[in-house]
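Undergrad: For reference, the chains in residue letters:
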Amino acid sequence: QKEVEQNSGPLSVPEGAIASLNCTYSDRGSQSFFWYRQYSGKSPELIMSIYSNGDKEDGRFTAQLNKASQYVSLLIRDSQPSDSATYLCAVTNQGGKLIFGQGTELSVKP
Amino acid sequence: ETGVTQTPRHLVMGMTNKKSLKCEQHLGHNAMYWYKQSAKKPLELMFVYNFKEQTENNSVPSRFSPECPNSSHLFLHLHTLQPEDSALYLCASSQEIQGVDEQYFGPGTRLTVT
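Residue numbers (our numbering), protein chains in the order written: chain Z, 1 to 110; chain A, 111 to 224.
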């Protein structure tokens with residue numbers, strides 16, 4: 001089992017819709033969870049971090065964490081074509097190492 | 111662009127060459143990282159430096175040699191690389207506080223080994 005799993009996509013949503021990106025992790029002792037956005041040919045950019053169960057909202061982005069289910073998600077409301085990118089889920093395991101998923105490619109169609 | 115810079119941005123080298131990648135962070139962080147990103151693969155952690163001391167070497171071949179002279183600068187020395195080493199090499203930094211480890215990436219060096 002991979003330590004951090006994401007569907008590779010591509011996930012295609014129409015402009016204005018809600019995009020839902022999902023991530024599961026294997027280390028039950030993980031404490032820190034991050035979402036990075038990576039445009040093609042660019043480096044990852046940190047967009048959200050979440051440390052406790054529940055929802056965390058920042059503008060059009062909402063991160064959701066459920067430690068019991070070992071699940072973290074990212075919702076993007078009112079999706080825009082500029083949101084088209086690969087979204088990387090990253091989890092800090094008990095050993096303190098940041099483990100990345102392989103990323104989900106999101107395409108927002110005008 | 112973030113507070114982490116990397117040079118060069120692109121590098122083409124032969125298998126017998128020796129080259130170095132440079133990373134500098136302007137964020138006052140105390141930890142720096144080298145990652146490798148190959149096509150269709152997750153980011154792979156290569157090395158971690160915390161307060162200039164190497165704390166992680168993720169089974170990286172010896173043809174990659176890191177150097178961290180101070181907490182703001184990180185180098186990756188390359189020699190006798192293989193074509194499969196062609197990838198995007200990313201530097202990151204963070205301010206390590208227990209339970210919080212937000213890493214910020216530089217723009218990367220696109221390496222091609224011929």
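Don't read these hints as lab results, they were simulated from the structure.
Nothing here was measured: the structure is a model prediction, and the numbers come from that model.
Some hints could be false.
Below, computed lysine-lysine pairings styled on BS3-like, alpha-carbon distance capped at 25 Å [as the list claims (entries may be wrong)]: (1) Lys109(Z) / Lys132(A); (2) Lys132(A) / Lys97(Z); (3) Lys97(Z) / Lys67(Z); (4) Lys129(A) / Lys2(Z); (5) Lys132(A) / Lys2(Z); (6) Lys146(A) / Lys132(A); (7) Lys129(A) / Lys146(A); (8) Lys128(A) / Lys2(Z); (9) Lys146(A) / Lys2(Z); (10) Lys97(Z) / Lys56(Z); (11) Lys128(A) / Lys109(Z); (12) Lys132(A) / Lys67(Z); (13) Lys150(A) / Lys109(Z); (14) Lys2(Z) / Lys150(A); (15) Lys97(Z) / Lys128(A); (16) Lys2(Z) / Lys109(Z); (17) Lys97(Z) / Lys42(Z); (18) Lys151(A) / Lys132(A); (19) Lys128(A) / Lys146(A); (20) Lys67(Z) / Lys56(Z); (21) Lys2(Z) / Lys97(Z); (22) Lys42(Z) / Lys109(Z); (23) Lys42(Z) / Lys151(A); (24) Lys151(A) / Lys97(Z).
Undergrad: Taken at face value, is the distance from the CA of Lys97(Z) to the CA of Lys151(A) at most 25 Å?
TA: 18 Å, holds
Undergrad: Does Lys2(Z) sit within 25 Å of Lys146(A), going by the straight-line distance between their CA atoms?
TA: 18 Å, holds
Undergrad: Starting from Lys2(Z), check that the Cα of Lys97(Z) is at most 25 Å away, please.
TA: 14 Å, holds
Undergrad: Against the 25 Å threshold, does the CA-CA distance of Lys128(A) and Lys146(A) hold or violate the hint?
TA: 18 Å, holds
Undergrad: Going straight from one Cα to the other, do Lys2(Z) and Lys109(Z) come out at no more than 25 Å?
TA: The given pair, whose Cα atoms are some 31 Å apart, is violated under the 25 Å limit.
Undergrad: Between Lys97(Z) and Lys42(Z), does the CA-CA distance stay at or below 25 Å?
TA: Holds - the C-alpha atoms of Lys42(Z) and Lys97(Z) are around 23 Å apart, at most 25 Å.
Undergrad: Has the given pair, Lys132(A) with Lys2(Z), been kept, meaning a C-alpha gap of at most 25 Å?
TA: 31 Å, violated
Undergrad: Hint check: Lys128(A) vs Lys109(Z), CA-CA at most 25 Å. Holds or violated?
TA: 45 Å, violated
Undergrad: With a cut-off of 25 Å on the C-alpha distance, tell me whether Lys151(A) and Lys132(A) pass.
TA: Measuring from Cα to Cα gives roughly 23 Å; hence the hint holds.
Undergrad: Just to be careful, I want the Cα atoms of Lys150(A) and Lys109(Z) compared with a cutoff of 25 Å; is the pair within it?
TA: 23 Å, holds
Undergrad: With the threshold set at 25 Å, check whether the alpha-carbon distance from Lys42(Z) to Lys151(A) stays at or below it.
TA: With Cα atoms ~15 Å apart, Lys42(Z) and Lys151(A) stay inside 25 Å; holds.
Undergrad: Tell me if the straight-line CA distance from Lys132(A) to Lys67(Z) falls inside 25 Å.
TA: 38 Å, violated
In the structure shown, a violation is registered for the earlier hints numbered 1, 4, 5, 8, 11, 12, 15 and 16, in ascending order.
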